[in-house]
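Since chain H is already given, all that's left is putting chain U on it; use the hints.
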Amino acid sequence: MTLGDGTVLELFVDEAQLAASVHAGKLGCTDCHWSISGYPHPPAEFPDRRSISLALYESCKRCHFLNYTRTLESVHFNMLARGHRDAPVCTDCHDAHAITDPYQPRAAISQRCARCHQSIHEAYVKSVHGQALVGEGNPDVPVCISCHRAHDIEDPRTASFKLRTPELCGHCHGDKNLMQKYGISTQVLRTYLSDFHGMTASLLGEKTDLVSIPAVCTDCHGVHDIRAVEDPASPVMRANLVKACRKCHPGASANFPAAWMSHYEPSPEKARLVYYLNQFYRFFIPFVGFGLLLQVLLSLWRLAVNR
Amino acid sequence: MAKRPAPFDELPKGYIIRFNVRERIEHLLVMILFVILLVTGLPQKFHTSGWGHWMIVHFGGIDRLRYVHRFCGVLFTGLFVFHVTTIFYLLRQRRIRPSMIPNLKDYNDAVLMLKYYLGWTDQRPSFDRFDYRQKFEYWGLLMGSLVMIITGWMLYQPMWTTRWLPGQVIPAAKVAHGMEALLALIVLVLWHMYCAHLNPEVFPFDTAIFTGKISIDRMVRDHPLEYARLLAERAAKVAAPEPVEIAAEEAAAGLRGRDTATDDTEAKPDG
Numbered sequence: 001m002t003l004g005d006g007t008v009l010e011l012f013v014d015e016a017q018l019a020a021s022v023h024a025g026k027l028g029c030t031d032c033h034w035s036i037s038g039y040p041h042p043p044a045e046f047p048d049r050r051s052i053s054l055a056l057y058e059s060c061k062r063c064h065f066l067n068y069t070r071t072l073e074s075v076h077f078n079m080l081a082r083g084h085r086d087a088p089v090c091t092d093c094h095d096a097h098a099i100t101d102p103y104q105p106r107a108a109i110s111q112r113c114a115r116c117h118q119s120i121h122e123a124y125v126k127s128v129h130g131q132a133l134v135g136e137g138n139p140d141v142p143v144c145i146s147c148h149r150a151h152d153i154e155d156p157r158t159a160s161f162k163l164r165t166p167e168l169c170g171h172c173h174g175d176k177n178l179m180q181k182y183g184i185s186t187q188v189l190r191t192y193l194s195d196f197h198g199m200t201a202s203l204l205g206e207k208t209d210l211v212s213i214p215a216v217c218t219d220c221h222g223v224h225d226i227r228a229v230e231d232p233a234s235p236v237m238r239a240n241l242v243k244a245c246r247k248c249h250p251g252a253s254a255n256f257p258a259a260w261m262s263h264y265e266p267s268p269e270k271a272r273l274v275y276y277l278n279q280f281y282r283f284f285i286p287f288v289g290f291g292l293l294l295q296v297l298l299s300l301w302r303l304a305v306n307r
Numbered sequence: 001m002a003k004r005p006a007p008f009d010e011l012p013k014g015y016i017i018r019f020n021v022r023e024r025i026e027h028l029l030v031m032i033l034f035v036i037l038l039v040t041g042l043p044q045k046f047h048t049s050g051w052g053h054w055m056i057v058h059f060g061g062i063d064r065l066r067y068v069h070r071f072c073g074v075l076f077t078g079l080f081v082f083h084v085t086t087i088f089y090l091l092r093q094r095r096i097r098p099s100m101i102p103n104l105k106d107y108n109d110a111v112l113m114l115k116y117y118l119g120w121t122d123q124r125p126s127f128d129r130f131d132y133r134q135k136f137e138y139w140g141l142l143m144g145s146l147v148m149i150i151t152g153w154m155l156y157q158p159m160w161t162t163r164w165l166p167g168q169v170i171p172a173a174k175v176a177h178g179m180e181a182l183l184a185l186i187v188l189v190l191w192h193m194y195c196a197h198l199n200p201e202v203f204p205f206d207t208a209i210f211t212g213k214i215s216i217d218r219m220v221r222d223h224p225l226e227y228a229r230l231l232a233e234r235a236a237k238v239a240a241p242e243p244v245e246i247a248a249e250e251a252a253a254g255l256r257g258r259d260t261a262t263d264d265t266e267a268k269p270d271g
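Protein chains in written order, with my numbering: chain H, 1 to 307; chain U, 1 to 271.
Bound conformation, chain H alone (with noise of 0.2 Å):
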């Protein structure tokens, strides 16, 4: 088939392809391309390759209509809104007749996002997740679509997205059942948000403009090319941290990392001086405080005595 542009289209379809699907058995050819019902096939017109897909994707919602529903919010499908014709609809992640299990193996997923964005897929592999998932085929670790969604993907460069930083990353690093098979303390996400910068990233409201977020997890360990902390390329390793520091606090001295606690909870071993401070005053507030309380009621008692 010829199209406007001049291309050929191949019109031939695998059979093995389709039979290996998972629409195999359950789909026939017409569930999908419901406007051809006879032969000969009603003549169609297409402009060039793209305006077939961007036509025919829409079959996908008659069964998937809520993840069909879901794209409409997504920053993909408000390109594609707005003119942008390459902004991938159903079939240029699942494809449109070899469909298969999209969890299937695990590292495709992000294999199909690397499909456009190729330098933020290549950062990933050589972090800390994408070589546990590349390497290992690891169950656990996040994939592109475990924080950015599969269907309704947001923008990630706005305020609320970076405001949700530390749900998204907290979702599995408070979760303690997964965090002790790879030995990491669940305390990060409580003792962020009990310093400054979570404090403030906590109580900011959704109308904040981006420059005036406080630091979020991934200011300072990296986005797609985190890596272990104690990895010596980690930007949060000591030797690194006072960069990692200056990029928002520029001129900040050698002694001021140590301002953050690192997220350790202050105790003898780490932190004495606030863990003994703190031990201090909660023995001597409640001294001053029933010091004075049982003053004010002797001073009471007298009086009523003397009445």
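Because the hints were derived from the structure by calculation, they are not lab data.
Selected chain U positions facing chain H (in silico; Cβ < 10 Å):
#	residue
1	V57
2	G119
3	V169
4	W191
5	L198
According to the in silico footprint, chain U covers these stretches of chain H (three or more CB under 8 Å from chain U):
#	region
6	196-209
7	242-253
8	256-266
9	284-293
These numbers come from a predicted model, not from an experiment. Ideal Cβ positions, reconstructed from N, Cα and C, are used throughout, including at glycine.
For chain U alone, kept in the frame of chain H given last:
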């Protein structure tokens, strides 16, 4: 500090001046700043609690809350510096007596007062210008303010602080600042509210620090030593051939003269 307090004729009979204008204004400013700092500070300490979060939101967000808190903190620092330098200056000039310095008598007074409360004795201690409770509160406020000011500035300027000090002082300052505030709140509620408001002897409210006036009845009861000294000084002044504008009978009739204020300026020991 006014050398000469308000004319005595304008005061109702039976009252003398206890606090001068500077002292009254200082108290008013401390009161206002203390309350604003608590209102804007405690929600920051308890931001995860429901009420803390509610207050931050209804104050117009965390940024505005922090701005007001820091602004008042800077003013509070100024007030502290003003107070301390003024006191040092006046002491050097021998224009005030060091009446706030704790001494052995305060300890004995406290012990005697405790015995009195417990009913072991019917004798109450007689106090000078400030009793041990007032000294405790004054020094508590002064030392507490020092802690709050130092740690507050550390938290306000962490970059500057860590140029000189190890980074750990910042979270330590945060602990001290929050806990010290809690302590201040407890002392305020338990002690100051009791001494200046709920105490049956002054209920509903001890007005001396606002009006500057105190009744002679209360002077006799609460500050007899100071009152006796004032009377003695008055008598000495009247006896001396100084151009004092008061009549002897007025002084004898209970310090109703123009110069009868108990203001510290009048109490210099060089008479």
